Amino acid sequence: MSEHGKNGLTYSDAGVDIDAGNLMVEKIKPYVRSTRRPGADVEIGGFGGLFDLKAAGFTDPILVAANDGVGTKLKVAIEAGIHDTVGIDLVAMCVNDLVVQAAEPLLFLDYFATGKLDPDQGAAIVSGIAEGCRQAGCALIGGETAEMPGMYREGDYDLAGFAVGAAERGQLLPAGDINEGDVILGLASSGVHSNGYSLVRKIVELSGLNWNSQAPFNSDQTLGEALLTPTRIYVKPLLNAIRKTGAVKALAHITGGGFPENIPRVLPKTLAAEIDLGSVPVKPVFSWLAKAGGVAEREMLRTFNCGVGMIVVVPDDKADFVAEVLAESGETVMALGRMVTREADGPGVIYRGKLGL
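To convert, count from 1 in the sequence shown and add 55; that's my numbering.
In short, the hints are calculated from the structure, not lab data.
Note that the structure is a prediction, hence the values are computed from the model and not measured.
All residues carry an ideal CB built from backbone N, CA and C; glycine is no exception.
Just so you know, not all the hints are guaranteed correct.
[Claimed, not checked] What follows is a list of derived Cβ distance ranges for each label pair:
| hint | residue 1 | residue 2 | range |
| --- | --- | --- | --- |
| 1 | GLY70 | LYS299 | 48 to 58 Å |
| 2 | ASP211 | ALA382 | 34 to 44 Å |
| 3 | GLY401 | VAL71 | 53 to 63 Å |
| 4 | MET203 | SER262 | 30 to 40 Å |
| 5 | LEU108 | ASN265 | 43 to 53 Å |
| 6 | SER268 | LEU108 | 41 to 51 Å |
| 7 | LEU118 | GLY301 | 16 to 26 Å |
| 8 | LEU118 | SER274 | 45 to 55 Å |
My request is simple: use the sequences and hints to build the entire structure.
So this is what it looks like as structure tokens:
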């Protein structure tokens with residue numbers, strides 16, 4: 056008999072604990088159930104998640120799909136030992152990309168991979184994913200937990216998410232009638248959201264602070280807590296504004312690449328967004344990052360949201376109405392600028408003034 060046969064190796068000996076995986080499934084079932092919505096009676100344990108578009112109220116829907124991750128913000132969560140909010144970021148990064156096309160997020164699936172599964176840590180992460188799904192109004196209909204020893208260092212994990220939304224045919228954004236003179240509104244971000252964290256971590260390292268230090272820009276939180284503020288989910292306020300006003304022409308989610316990379320994605324090639332930087336409500340976290348890292352204004356603008364997580368393009372005569380509806384939903388709204396004619400080979404975003412860093 057071979058040596059292996061004598062030793063009677065098990066999967067557990069190789070570093071994978073099936074019992075830990077089963078325990079985590081039991082722990083997360085209540086979180087998953089909390090995301091039920093019309094179209095999805097969420098119970099995990101099958102091979103695939105089901106969704107009934109007719110029960111959700113759609114007659115002739117176009118499906119819109121998006122996937123994303125949390126990026127190196129996960130390293131902050133791991134090193135700070137705070138795991139119950141990054142799931143909100145995971146959902147936010149996907150569903151905010153759906154709503155910019157006027158799609159209502161319907162379902163979400165997650166992928167959680169780690170070197171050694173800690174059921175309590177995994178459950179904390181999924182509790183955040185469920186919270187994000189509730190905020191977005193979508194059902195968590197399934198997911199995958201992968202324990203992969205040797206692939207990840209002990210304590211490390213990664214997250215990926217996949218969301219599907221729907222809009223009735225003919226109602227997708229951006230609309231084809233964006234014109235010169237249309238107003239650009241901005242919706243305030245909750246903080247750094249989930250982009251630029253490789254630079255954030257470098258700045259923290261240079262500052263000599265650690266995640267348990269008092270945040271220099273917020274005396275009520277540690278640096279880890281402040282930098283783990285979850286990404287704002289704009290879904291319900293934006294869908295409400297789209298449906299109530301009928302005046303939203305385009306939306307842009309301000310993620311990695313900031314204004315210059317994200318706004319032109321929804322504009323005709325003949326138009327540019329003229330942004331008054333003085334009207335951007337720069338949050339203290341961005342001022343601290345800029346100063347502590349010696350980061351130039353243009354680099355801040357192409358790395359971070361700088362205080363604006365979503366852009367809304369509306370007709371001039373409807374701007375006040377749309378802003379009012381968004382404010383009633385709890386959004387902080389600011390007028391950022393206007394659409395102008397784009398010069399040949401000119402940039403899609405033109406800046407006026409300076410950021411209040």
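Evaluated hints:
1. GLY70 to LYS299: 48 to 58 Å: holds, 53 Å
2. ASP211 to ALA382: 34 to 44 Å: At 41 Å between Cβs, range holds.
3. GLY401 to VAL71: 53 to 63 Å: holds, 55 Å
4. MET203 to SER262: 30 to 40 Å: holds, 33 Å
5. LEU108 to ASN265: 43 to 53 Å: At 49 Å between Cβs, range holds.
6. SER268 to LEU108: 41 to 51 Å: For LEU108 against SER268, whose Cβ atoms are near 49 Å apart, the range 41 to 51 Å holds.
7. LEU118 to GLY301: 16 to 26 Å: With Cβ atoms ~23 Å apart, the hint holds.
8. LEU118 to SER274: 45 to 55 Å: The hinted range 45 to 55 Å holds for LEU118 and SER274, with Cβ atoms some 46 Å apart.
Violated hints: none; the structure is consistent with every hint.
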